[in-house]
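With chain R fixed as given, assemble chains V and L onto it according to the hints.
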Amino acid sequence: MKLFSSVNDVTDLKKFIEEALILKADPFAHKSLGKDKTIGLVFLNPSLRTRLSTQKAALNLGMNVMVMNLDKEGWALETEDGVVMNGTTVEHIREAAAVMGEYCDILGFRSFPKLQDREEDYSESLFNKFVKFSGVPVVSLESATLHPLQSFADLITIEEHKQIAKPKVVLTWAPHVKALPQAVPNSFAEWMCKAQAEGMIDFVITHPEGFELAEKFTPGAKIVTDQTEALKEADFVYVKNWSSYKDYGKTLPGAESWMMTNKKLEGTNNAKVMHCLPVRRDYELSAEILDGPNSLVIKEASNRTWAAQAVLKEMLEDLKK
Amino acid sequence: MKLFSSVNDVTDLKKFIEEALILKADPFAHKSLGKDKTIGLVFLNPSLRTRLSTQKAALNLGMNVMVMNLDKEGWALETEDGVVMNGTTVEHIREAAAVMGEYCDILGFRSFPKLQDREEDYSESLFNKFVKFSGVPVVSLESATLHPLQSFADLITIEEHKQIAKPKVVLTWAPHVKALPQAVPNSFAEWMCKAQAEGMIDFVITHPEGFELAEKFTPGAKIVTDQTEALKEADFVYVKNWSSYKDYGKTLPGAESWMMTNKKLEGTNNAKVMHCLPVRRDYELSAEILDGPNSLVIKEASNRTWAAQAVLKEMLEDLKK
Amino acid sequence: MKLFSSVNDVTDLKKFIEEALILKADPFAHKSLGKDKTIGLVFLNPSLRTRLSTQKAALNLGMNVMVMNLDKEGWALETEDGVVMNGTTVEHIREAAAVMGEYCDILGFRSFPKLQDREEDYSESLFNKFVKFSGVPVVSLESATLHPLQSFADLITIEEHKQIAKPKVVLTWAPHVKALPQAVPNSFAEWMCKAQAEGMIDFVITHPEGFELAEKFTPGAKIVTDQTEALKEADFVYVKNWSSYKDYGKTLPGAESWMMTNKKLEGTNNAKVMHCLPVRRDYELSAEILDGPNSLVIKEASNRTWAAQAVLKEMLEDLKK
Chain R
1 MKLFSSVNDV TDLKKFIEEA LILKADPFAH KSLGKDKTIG LVFLNPSLRT
51 RLSTQKAALN LGMNVMVMNL DKEGWALETE DGVVMNGTTV EHIREAAAVM
101 GEYCDILGFR SFPKLQDREE DYSESLFNKF VKFSGVPVVS LESATLHPLQ
151 SFADLITIEE HKQIAKPKVV LTWAPHVKAL PQAVPNSFAE WMCKAQAEGM
201 IDFVITHPEG FELAEKFTPG AKIVTDQTEA LKEADFVYVK NWSSYKDYGK
251 TLPGAESWMM TNKKLEGTNN AKVMHCLPVR RDYELSAEIL DGPNSLVIKE
301 ASNRTWAAQA VLKEMLEDLK K
Chain V
1 MKLFSSVNDV TDLKKFIEEA LILKADPFAH KSLGKDKTIG LVFLNPSLRT
51 RLSTQKAALN LGMNVMVMNL DKEGWALETE DGVVMNGTTV EHIREAAAVM
101 GEYCDILGFR SFPKLQDREE DYSESLFNKF VKFSGVPVVS LESATLHPLQ
151 SFADLITIEE HKQIAKPKVV LTWAPHVKAL PQAVPNSFAE WMCKAQAEGM
201 IDFVITHPEG FELAEKFTPG AKIVTDQTEA LKEADFVYVK NWSSYKDYGK
251 TLPGAESWMM TNKKLEGTNN AKVMHCLPVR RDYELSAEIL DGPNSLVIKE
301 ASNRTWAAQA VLKEMLEDLK K
Chain L
1 MKLFSSVNDV TDLKKFIEEA LILKADPFAH KSLGKDKTIG LVFLNPSLRT
51 RLSTQKAALN LGMNVMVMNL DKEGWALETE DGVVMNGTTV EHIREAAAVM
101 GEYCDILGFR SFPKLQDREE DYSESLFNKF VKFSGVPVVS LESATLHPLQ
151 SFADLITIEE HKQIAKPKVV LTWAPHVKAL PQAVPNSFAE WMCKAQAEGM
201 IDFVITHPEG FELAEKFTPG AKIVTDQTEA LKEADFVYVK NWSSYKDYGK
251 TLPGAESWMM TNKKLEGTNN AKVMHCLPVR RDYELSAEIL DGPNSLVIKE
301 ASNRTWAAQA VLKEMLEDLK K
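Chains as they are written, first to last, in UniProt numbering: chain R, 1 to 321; chain V, 1 to 321; chain L, 1 to 321.
So here's chain R without its partners, still in its complex pose:
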């Protein structure tokens, strides 16, 4: 594996989940694999779970880890080509990525969309430039449109907690105070659609009118705007806010009725509730759910380690070839 930026980078989804669970059962079994190998984790935006879980995964594999918070360390990158750099950006991503590639065997990279120009965000030009110029295997730590380590961890969590062979998984829009990227829901949809195609789950998406995700990430998903209808007999409910893709970057004020509550769980098959975190308590998701027996949110976060470790293990094995 040279690149992990989407479910499409995974050859065999079921085997990959299995691999992650084997690593979870025996985290240090491959500690010699990463000996004298260094991963650089590059963040253009703050990170808690992604940074710590990927760092932990790398340490479990015996790697060295170097973290670079470019935003906090005052390193403004130029991302456009053909620009005369006489402004505020201090270094072009061409040089910055290439240099980091010289110091690291594998790189992780996080960037966020600006939510202003849909075409630009959805081209993933920043992430793709980083991949191109770094010259080493790259794992996405979240890009403008996808967050594959999160979705892989989510799928692992579903596999661990499913009570029936083919559970019903519902992704539901939730309210939020600000405009958020579509990366997590896009990515969750992409992974769930793949899982559905492989017969592992049934997948439904529900959101208010106008909050349709980009079609390329939702092949085969059932999409309904009636939340009550969508939640019926759900085994897993994945709660997440996102801003509009159609009316790009716009939010929906006054949508508090979309908050997930115990009341809404009544129509489900005693569904387990998921969220990628951080979560706005009693705004996206009720505190009663988060503190109750149906919540899987901490377990999802915990599984981030094994998702990352499965990815890094494959990359390290490829480096040895």
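Honestly, the hints are just simulated from the structure, not real lab data. Hints are not guaranteed to be accurate.
Since the list can't tell identical chains apart, any single copy or any two copies may satisfy a pair.
[Unchecked claim] Here are the simulated DSBU-like cross-link-like pairs (lysine-lysine), alpha carbons at most 35 Å apart as the crow flies:
1) K299 x K250
2) K132 x K162
3) K263 x K129
4) K129 x K162
5) K166 x K15
6) K37 x K2
7) K263 x K132
8) K320 x K250
9) K35 x K24
10) K35 x K166
11) K24 x K129
12) K31 x K250
13) K2 x K263
14) K15 x K250
15) K37 x K321
16) K321 x K166
17) K37 x K24
18) K31 x K320
19) K222 x K299
20) K232 x K178
21) K321 x K114
22) K129 x K178
23) K320 x K24
Same frame as chain R, but now just chains V and L:
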């Protein structure tokens, strides 16, 4: 040891000091103890000594270390329960602590008091919530009211430098330009009172009227407001500013006469001078003392490593059980 | 080696280059040398290459690494002596350096000039105080007037890429949007003059009138203000902006004609082009050069690791004595 937040978490004080000094003499003797164990050091406020010394202690024990400067990395935590999170806080401490507990075998946590609501600060609700929700052993890296790693290092330093069996230790208030927490003096008092109760030292506190520390941290301490009287025959003088506990968070402008100087040392038993650092030169403590033979301030800082290492060693041993 | 702050700290320049290239060929050969040794990397200014490459070098030698971004972590140091510290600085460099020296076997330190008082900057008082009070071997990660790890890496790069026994190396001034320190050009000149004295290269400096570097760093260098003349038959062109030493800290607006381009390379011996990075594309140096076959900028950055590793290896060997 599951928690280190106060002298009360120590079973046998003398043995604990001894343990720290054994580690100082042979720092790498227990390097296999921390193999494949990870400590997360979480700071809500900047740290120099605490971060580096605890990191060093963990490395000496063979642990992995992950540092999280939540304040600098832009992660505003919600600490109140029952709040609708529609404001500026991005994550509740319930989730943040639980998640970090999933990635780490031991956590260190630093928070400061706001110095606005005494009851809130002295309830240690933030620290206690972190402990409760993290689900792993926690070492205080300074809390709203105590700084036990500092005080333990101070006591180790006194043990190393005492010339008589039962030295006189004086904690003296010092001037400062801003309102500081009471955590260091509370903690120093707590540890010295325990040491006094065990016959190791005599302990005196001196401060201006109105700067009495909370009584629960000063059992058995002799408290006087005449600094000259207090310093007589002192073997160790611990210099520190703190804001008022009574008139909560208030400072005392124009108190420059309380600054410790060589002149004041004349009445002592050629006392060694201590300070937790950082110190305001020629305002809290004279430069002549800091640069002279009586200063122990660097040695105290150095002993932070062994204090932390003794604590982490006990925690690691308990994890193995 | 107890100090690495200038080419004058190097005993045998040719042997030192050779040592770095041996390490490059076999990076992990001395991994036991740094066992249980800790390096602290202290930055008063942001760093990308220096931090990562020095961290990598230390890891290659088996060391522990602790990074301290004092500027970002809100730790304002007092550097003047005899000051009553009643202002905004929280800690004096005397204590800060001494404390860090207690936790680390080797320290790296970066500071920048303020470009306001030439005498102060060129006294290197801040760097020298850090060295003095830390009490351990110190490697400069760039100081007010020199950047020796960069220059050493540059010289290694020249050695690797030279086509003739004694290549012509030209340091040329370049335009920039803001006033930059003279540390990189001073340092490059210092190393190249030493290399020239040892018969390794011919060295020429070219810059606009008024941009003469301090004479103490340019002994034996040929200095011309006609760039075209200087570039003739050059084998290596080192491009860098610096502010004026004479009219201290002043820039030269409207100097775009000094930008290095392919057109200017025509007069050279198909010269390789170097820059320490970060570089302002199409302002200091044309994108066509950076993206073309003559650029060595990434290779220079890559060689930072081996320069740092050669220095740290010598320091570690001295610690064992």
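Original post:
With identical chains treated as interchangeable, where does the CA-CA distance between K263 and K129 reach 35 Å or less: within a copy, between copies, both, or neither?
Top reply: Answer is between: at 28 Å across copies they meet the 35 Å cutoff, but 46 Å inside does not.
Original post:
Between copies, within a copy, both or neither: which fits K37 and K2 at Cα up to 35 Å?
Top reply: both (15 Å within a copy, 29 Å between copies)
Original post:
Under a CA distance limit of 35 Å, which applies to K31 and K320: within one copy, between copies, both, or neither?
Top reply: Close inside one copy (14 Å) and across copies (20 Å); limit 35 Å.
Original post:
Under a CA distance limit of 35 Å, which applies to K37 and K24: within one copy, between copies, both, or neither?
Top reply: both (21 Å within a copy, 15 Å between copies)
**OP:** Could you figure out if K15 and K250 sit no more than 35 Å apart (CA to CA) within one copy, between two copies, both or neither?
**Re:** This pair counts as neither: shortest intra-copy Cα distance 38 Å, inter-copy 63 Å.
Original post:
Quick one: K321 to K114, C-alpha cut-off 35 Å, is that within a copy, between copies, both, or neither?
Top reply: Classified as neither; 38 Å inside a copy, 50 Å across copies.
**OP:** Have a look at K2 and K263 and pick one of within, between, both or neither, based on CA distance no larger than 35 Å.
**Re:** neither (45 Å within a copy, 38 Å between copies)
**OP:** Up to 35 Å between alpha-carbons, please classify K232 paired with K178: within, between, both or neither.
**Re:** within (28 Å within a copy, 59 Å between copies)
Subject >> Intra- versus inter-subunit Cα pairing at 35 Å for K299 with K250 >> reply: For K299 and K250, the Cα distance is within 35 Å only inside one copy (31 Å; across copies 45 Å).
**OP:** With 35 Å as the alpha-carbon cut-off, assign the pair K24 and K129 to within, between, both or neither.
**Re:** both (33 Å within a copy, 28 Å between copies)
Original post:
For K129 vs K162, is the C-alpha pair at or below 35 Å within one copy, between two copies, both, or neither?
Top reply: Result: close only across copies, 31 Å inter versus 39 Å intra.
Original post:
Under a CA distance limit of 35 Å, which applies to K321 and K166: within one copy, between copies, both, or neither?
Top reply: For K321 and K166, the Cα distance exceeds 35 Å both inside one copy (37 Å) and across copies (40 Å).
Checked against the numbered hints above, the structure breaks hints 8, 10, 12, 13, 14, 16, 21 and satisfies the rest.
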